[in-house]
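**Q** Model the full assembly from the supplied sequences, consistent with the hints where possible.
Chains as they are written, first to last, in this note's numbering: chain A, 80 to 301; chain B, 80 to 301.
Honestly, I wouldn't trust all of these hints.
Each pair may be met inside one copy or between any two copies, as identical chains are not told apart.
Below 25 Å or equal to it, Euclidean Cα-Cα: the simulated SDA-like pairs (lysine to any residue) are [said to hold, decoys possible]:
#1 Lys142 - Thr192
#2 Lys142 - Arg105
#3 Lys142 - Arg208
#4 Lys92 - Thr122
#5 Lys142 - Ser207
To be clear, the hints were calculated from the coordinates, so they are not data collected in a lab.
Number of protein chains: 2
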Amino acid sequence: MASLAMTEQSMVKQERAARTRETLIRSAAETFDRDGFSVASLTAISSLAGVSNGALHFHFPSKAALAEAVEEAALLRLLALTGEAQDDAPPPGASRVQLLVDVTHGLAGALRTDPVLRAGFALSGELSRPRPGNLRERWRGWVEETLERAEEEGELRPEAAAGDVVTAVVAATVGFEVLAVRDGAWLSAATVTRFWRLLLPTLVPADRLAGCEASGTNRRAP
Amino acid sequence: MASLAMTEQSMVKQERAARTRETLIRSAAETFDRDGFSVASLTAISSLAGVSNGALHFHFPSKAALAEAVEEAALLRLLALTGEAQDDAPPPGASRVQLLVDVTHGLAGALRTDPVLRAGFALSGELSRPRPGNLRERWRGWVEETLERAEEEGELRPEAAAGDVVTAVVAATVGFEVLAVRDGAWLSAATVTRFWRLLLPTLVPADRLAGCEASGTNRRAP
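**A** Encoded structure:
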């Protein structure tokens, strides 16, 4: 009985520790998002999380460690958006291009509402960190892989080189992310739709164009 | 004779002060560019400029004042790139779309080599400043004006809405700027050329396409 009670007590403690860790990651993301990584203070983060500075240091020895935890959490969200976490290949015949359109809509929506994802992306460009993150690079990798498959499967017009499309899509989405810091409309569904409305006719042959929805099909909505 | 000597002495002083001011603006831009605005210290800036802290404070009362001076200098460079400073309308018959292509190449080249322009653009997204700058917004304004004129003058395909093109061009160029902090290839002529090679066929009618150079015509090279 005594040992069972101990185990229960230790499980409760573990759960509480996991919750505190989650709360700290979220508070760090919100503080980085509001103040920028280099200005954000550990005191502001622990105070927003409602824990002591000591509790923060128990979980994270430094601001750099917190930034890495924010990036890990943001990467899981990105993997969920791109479907890599589920390992679910699109059904046979499903369009890779439409998947790309849907995921950019999902990413824009998530960047609008989720401070962890937003902070994770912004940390990719943070100069003052010893080891900067690579969320934008992970995003580029997924866009590249998706477009290469679309090209292999004959979804792209012969004139549209997959590499050129990767450049345009990655640059534009990172541009939306950065411009939205000052004006949230850059991450609106209308902005993303306008981008695809312009780009789709160069990407896919005319007979496939009617089957492509620039506004997304919501299959990938988070 | 005495008053002439005084005047000469005062002119020399004025010139020296102007040179010191220029040096401080350039040193501030290089320091912001390397460390980020919020981490950059006034001591690092004055030391890079080779002047005392007192001399720095004589010219600029605060880091915010230095940032505003960097932005002013960067805006002059942007105006020179877009031709607004010279007030020279393109010759009759010249393509507005080609002007836009050429200016994006000029902007990318200048962002690669000019820390003042680079710092000025980056300061537009700096959260920790009381009055953030608007260089990216000025760039958006010029792209919009140029594309609206191209549309009025019948240069665009009827399917290409000028507003959609503005969104894509501004987001992609800001994306290039931000991604180049980690990998300079995003501001290479090859990257900008690939973007335009993809976009031009949607923008201009087929009979005008042959007259458009995705790699730029160098008319606007700085």
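**Q** Which holds for Lys142 with Arg208 at a C-alpha limit of 25 Å: within a copy, between copies, both or neither?
**A** both (10 Å within a copy, 22 Å between copies)
**Q** Between copies, within a copy, both or neither: which fits Lys142 and Ser207 at Cα up to 25 Å?
**A** both (12 Å within a copy, 18 Å between copies)
**Q** Is it within, between, both or neither when you check Lys142 against Arg105 at 25 Å Cα-Cα?
**A** Classified as within; 13 Å inside a copy, 31 Å across copies.
**Q** Quick one: Lys92 to Thr122, C-alpha cut-off 25 Å, is that within a copy, between copies, both, or neither?
**A** Result: close within a single copy only, 24 Å intra versus 48 Å inter.
**Q** Is it within, between, both or neither when you check Lys142 against Thr192 at 25 Å Cα-Cα?
**A** within (23 Å within a copy, 32 Å between copies)
When the structure is compared with the earlier hints, no violation turns up for any of them.
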